[in-house]
Amino acid sequence: MDIIASHGSMLVLIAAAVGFFMAYGIGANDVANAMGTSVGSKALTIKQAIIIAMIFEFAGAYLAGGEVTSTIRKGIIDAAPFADIPELMVLGMISALFAAGTWLLLASVLGWPVSTTHSIIGAIIGFALVAVGSEAIQWGKVAGIVGSWVVTPAISGFIAYLIFMSAQKLIFDTDKPLTNAKRFVPFYMGLAGFVMSLVTIKKGLKHIGINLGTFEGYALAIGIAVLIGLIGKVFIARMKMDPNADKQMQFNNVEKVFAVLMVLTACCMAFAHGSNDVANAIGPLAAVVNIVENNGEMAKKAELAWWILPLGGLGIVVGLAVLGKKVIKTIGEGITHLTPSRGFAAELAAASTVVIASGTGLPISTTQTLVGAVLGVGMARGIAALNMGVIRNIVVSWVITLPVGAALAIVIFYILRSVFGV
Amino acid sequence: MPSNAFLGVFAKSPIKPIEEHIKIVHQASESLIPFFEHVFKGEWTEADALRVNIRNLEREADALKREVRLQLPRGLFMPVERTDLLELITHQDKIANKAKDIAGRVVGREMVIPESIQNEFVAYLSRCVDATKQASKAINELDELLETGFRGREVVLVEKMLSELDAIEQDTDDMQIRIRQELRQVEADLNPVDVMFLYKIIEWVGELADIAERVGARLEVMLAR
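Protein sequences, first through last, are from chains E and R.
Letter 421 of the first sequence, counting from 1, is numbered 421 in our numbering, and no numbers are missing.
Letter 110 of the second sequence, counting from 1, is numbered 110 in our numbering, and no numbers are missing.
Just so you know, these hints were derived from the structure itself, not from any lab.
Do not take every clue at face value.
[Said to hold, decoys possible] Sample of chain R residues at the chain E side, in silico, Cβ under 10 Å:
| id | residue |
| --- | --- |
| 1 | Gly42 |
| 2 | Leu70 |
| 3 | Gln71 |
| 4 | Glu144 |
| 5 | Arg153 |
Remember, it's a predicted structure, so these values are computed and weren't measured experimentally.
Just so you know, even glycine gets a beta-carbon here, dropped at the ideal spot from N, CA and C.
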């Protein structure tokens, strides 16, 4: 108990530092996945992608990033056994952040596609195991996470399939694809805007003290969706089309229209990623801050300190600005025939799934939803070639990340314990 | 490549190289027209230059074919069957091989085409080249087919192209019968060995269209799944 009293502010500082380290890793790393399809389909340049990612990652983290935090903090492990030993909870959360951040860095260097979400969850489970034993872990919730390995890709794959097929029916498989693209793409824009704004309104705004009723919430979301659709329509109307480009099908021009949409889905994806993944860095940090501020009491309903969300958002943005460019730059060559229309279907589906899931508090991985969505478009025979070997590796990395994160956290936890003498 | 693993999900597309391949193959068969013009005039140096050109195109096509085959390891998830794609490019490649064989044989023997059948021969040859052109046109719809998920209107368009390819091939069959008959009229005045090879060349030129049709058939199989 006394180490919290005597070293409280230092513990918070350490936690903030490792939290920032973790967020930095997420920004430098995961963002390439989130923005990759936009850059790969040449709808955005690398520079544009980074600017969009910065703005919307931060907005997503700040506006819709609160919900998953509480799941990671309270859902995975039971706080009750820690009531008498809060210092272990503090050290454990710090070691979890440190372990996950290290694993993320190591995996990045080795080129393994690990899930940031799962590394932090694995790390939390790890320290809880050695700190109080397996009864502290809510195994039902862990089973839910394991279930999400199947469910999330399935959902986002299904949504991607539907979006792609609807674009086929409404635009590509018609007499006048270009006319129809101009007509329907604003609706897709509206849809993207609707999903984003609804989740922001329902889940995020309460963090900054705004509460809207259900009806007002939906009305506002629809209003924003209509507005975005109209802006999109104006943009598309002002686009210059090349009438000589493949007269018969006009697919090149149609893709140009989709490229406009792709900008919006890229925003969506960055927003979704920010809302979901920032929690990985700030969840444990928030737990540490709460315990220290309450002098070891574990408050039932913990308020999120005002500076925590911005810190996480900033970490992501800095990581992205410093290292993300390199990562995104490696994209482009060698990618399958990825056109804006295909990238859009995958990306909007993934973004919707992440945003919905982060609204319901299920800690899912962005990589999972993207893989699911890409597979969905592939199932619709829309992507020229997918490398199943890589997909298998990704799935394997989902599975091994949990135990590896746990093992690392245990090691770091013991080191921290001996350093602080508890 | 750190954290690019997700993007590794997207394998390199086999579709562009396949379109590229048939374009080269078609160029090779198309070059036979100027080639035979020189042959008719007995300009063997120019004809040989064109033969070398055709051979180079054939080599280029071979390299592309190999690249496509290497790009298609097991475990790729594609909108079309892996085996269909491999067979498609194998058949495509045969067009270039045939064009190379024709040019090589004609130059090698310095074959003289009797004046009386020259007009008929050019018409026949260019009709066969039409067939390879049509096949190339149909294959070039592959990326649009991908865009539409191999369904609907675009499939109908390609099927129309393929039935036109069939019609061209039938034309060449009829023309081949006629040109043989004309050759038979004059064969008594020619060197018998030359005549033998001439029949062979006529047959090979016809095969250009046959193979083009087979390429179309492979494409049709891909659409049927």
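- Message: Interface hint check: arginine 153/R, Cβ to nearest Cβ on chain E, cutoff 10 Å. Holds or violated?
- Response: holds, 5 Å
- Message: leucine 70/R was flagged as interface toward chain E. Is the shortest Cβ-Cβ separation under 10 Å?
- Response: violated, 13 Å
- Against chain E, with CB atoms and a cut of 10 Å, does the hint on glutamine 71/R hold up? Since the shortest Cβ distance to chain E is 8 Å, the answer is holds.
- Task: Mind checking the CB of glycine 42/R against every CB in chain E and telling me if the closest is under 10 Å?
- Result: Given a least distance of 43 Å, the restraint on glycine 42/R is violated.
- Does glutamate 144/R meet its interface restraint, that is, does its C-beta lie within less than 10 Å of any C-beta in chain E? holds, 6 Å
Hints 1 and 2, counting from the list given before, are not met by this structure.
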